[in-house]
Amino acid sequence: MCEFVLQAEHLEKLIQVIRGEGYQMLGPVLRDGAIVYDQITTTQDLPRGWSDSQEKGFYRVEPGNTGAYFGYAVGPTSWKKFLQLPQRQVWRAQKTDDGLDFVQIVEEAPALAFLGIRSCELHAIGIQDRVFVDDQFCNEDYAHRRDRVLMIAVNCTSPAATCFCTSMNTGPEVTANTDLALTEVINDEEHYFLIASESYRGGQILQQLPLTPAAERHLKAAESAVQSAVYKMEQGPRSLDRAGVKDLLYRNYESPAWDLVAERCLSCANCTMACPTCFCSDVQDTTDLSGEHAERWERWDSCFTGDFSYITGGSVRPDTRSRYRQWMTHKLATWHDQFGSSGCVGCGRCITWCPVGIDITEEVQRIQAMETAL
Amino acid sequence: MTPEVFRVEQRREEFPGTFTLRIRGERAKNGSPAEFQPGQFNMLYAFGAGEIAISLSGSPRDRDGYVHTIRTHGFVSQALERLQAGDLLGVRGPFGCGWPLSAAKGKEVLIIAGGLGLAPLRPLIYNLLGDTQSVRNIRLFYGARRPDEMLYRDELAQWAGSMEIVQSVDHGDADWAGHIGVITGPLAGAELDPQNTVAFLCGPEVMMRFCIQTLTAKAVPESAIYLSMERNMKCATGHCGHCQWGPNFVCKDGPVFNFAGVQSWFNIRAL
Amino acid sequence: MKNLAQLLREHPFFHGMDEEHLEFIARCGQNCIFNRGEYIARENAPADQFYVIRDGKVAVESYVPNHGSLCLQTLHSGDIFGWSWLFPPYLWTFDGRALDEVHAVRLDGKCLRDKCDEDPKLGYALMKRFARIVTDRLHTTRVQLMDVYNQQRPPLDSGQ
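So the protein sequences, as listed, match chains A, B and C. Counting from 1, one number per residue, gives the positions in the first sequence under our numbering. Counting from 1, one number per residue, gives the positions in the second sequence under our numbering. Counting from 1, one number per residue, gives the positions in the third sequence under our numbering.
Don't take each hint at face value.
[Unchecked claim] The list that follows gives simulated cross-link-like pairs (lysine-lysine, DSSO-like), each with its CA atoms no further than 27 Å apart:
1. K110(C) - K2(C)
2. K128(C) - K218(B)
3. K218(B) - K105(B)
4. K81(A) - K252(B)
5. K105(B) - K246(A)
6. K110(C) - K121(C)
Source of the hints: derived by calculation from the structure; they are not laboratory data. Computed from a predicted structure; not experimentally measured.
Same shape as in the complex, but just chain A (with noise of 0.2 Å):
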């Protein structure tokens, strides 16, 4: 692979000639207080300088030391709204004189381009592949979505206090599949990103950028700013153990620990759809007031809500305890036998959007500790 360098005053030129591709552009924006993803038409609308503090239940965008383009963590959104709609009408049905006519919607996938993808995401995104896709049904909708989508990622050099992705293998350094990869690097005299295409159309878009082949010196700094976010997170305060999680969850689902994280759980949700790979859906079905025309409409849903676990007479799983330990034991054990891998990125999302502080690697401690002392 042939790393160049793009100096930080044509990032504008990326945009231009991916937009020029005919591609529409989505990218971090700063929004009601957040950096969010959302559609960029200029480096303008990228949230420059901006960096980000996060911990347990706490989020605050704050001014950075540099002007970096990239300088924050993840925030509240993640890609898979634009692969896996919040909601999207899936097919709609009418009465006719002498029938029922049934039709798929089938909205044309536009041409969409992920700016600064970091490394656990890209690692969601083929995890919800593997979900939609690659399982033995697959969902043609997300599948068309997701052919369509350039990804530029971005090697994380800015992790927050939440991240654990060192722990889950999934970051900070771009490994999986992607187009392009950017790494930024910024100093008092440098401002640039080392760049590599990792795919034909990723090549066809370097083709059109003022490049100048990287030097020793570049790959270095890029590694070394890279090297300090594995650190920071190393050093940081959490870790998950991702070798023996399954075993301890699959071991413990009567543990005490599910009773006192219940106390604390609101049920809200906030942590699966935050979630980068929850793919919960639910459908609804409605009618109009004639009578005569019916949609099926497909909606995120939460294994946190009472209705979904519902089967004839109530809910298989009636209270928060259960549905805690649904979700983090889907997340970081069974996902690993349905889908052959964790179902978690160490993101750190759900800890940070949980309104009461509830943090994932705490909660399997807790659980580890309480084995231990039973």
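Fit chains B and C to the supplied structure of chain A, relying on the hints for placement.
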């Protein structure tokens, strides 16, 4: 995945609140509806009301349509209940893994049904009765609440000629000739060769639990017990997450499971 | 024709019983046949016997005014009918009625009671078997009470 349009050909009330629909595909000109395996289910859509998972309860050899027995309980089943012959509905399916017929080969077959649980077992019974040579014998243990809440009573009488049928109700009436009590009673008393027995169970989860206790106490191996599980099935394709049961998606990994494979999940409450 | 000891030996209730005890019990017994509809026991009548059902079907019933006899459970070949003879005041608590021709062995409870007091080993062996019958019946009753086939029940508890 859009539903196929089906038309109700016949509606039959089994007893108040439980009915059987025979439905036929509107596009039958293009061929028969998809084949199904005993134990599989369809997603039935009542116009505007919604969709629910209902097991296939007709004969797999009947290639003209599907048969579904439905208990009225929620909004969608109430809408389905209002359907009369000639009315239309949507069908997606068949879905899921059914009863492994091959496991019955050469065995003493115990079919253990509780209440509405006879519905998903009926296609299996049809198949087994169509090839009685392949098994050593077939016995049906059927438990229900009352004699008038038993499914397929005419057929039960017919089947009695080809297999042993033990029926038990919680509450009898004057004409009731079967057992009064619970089905585990006669099951416990049944003579069987445990190493050459295979059991297929479908009924309320608690009833299956007690039956499994009875079977394993009689030394029937866990691997010779198959059961059909009920969970909230919405998409039927393993994407919506609702029917998860431990690592299993009941819609695609089940609804029929080998007990040995799911024993550890079966005993976890509120899973 | 088989003697009584032989008949008892083949009945699941007596499996594993000492031969000596079996011989004694057989001496307290006699074969009997009930016709369809005949009462084997009446509620509140003295209970000085119990029955080893060899063949046929027995209904355990209670008479409900304005309704008639309500059958709570049926007993079949291999079952035992009657444990009221074991406990004071030795009165039947339910009716027992033959639902078809019932072949049974009637055992004299009074005779066995006295013998059990003299021979605690026999008493224990018999009591263990009856305790099993009682727990089986209790289990059945509890499952019936759960009304498992009725799905219109209030939401479940937390499952803990």
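Hint check results:
no.	hint	result
1	K110(C) - K2(C)	25 Å, holds
2	K128(C) - K218(B)	20 Å, holds
3	K218(B) - K105(B)	21 Å, holds
4	K81(A) - K252(B)	26 Å, holds
5	K105(B) - K246(A)	37 Å, violated
6	K110(C) - K121(C)	17 Å, holds
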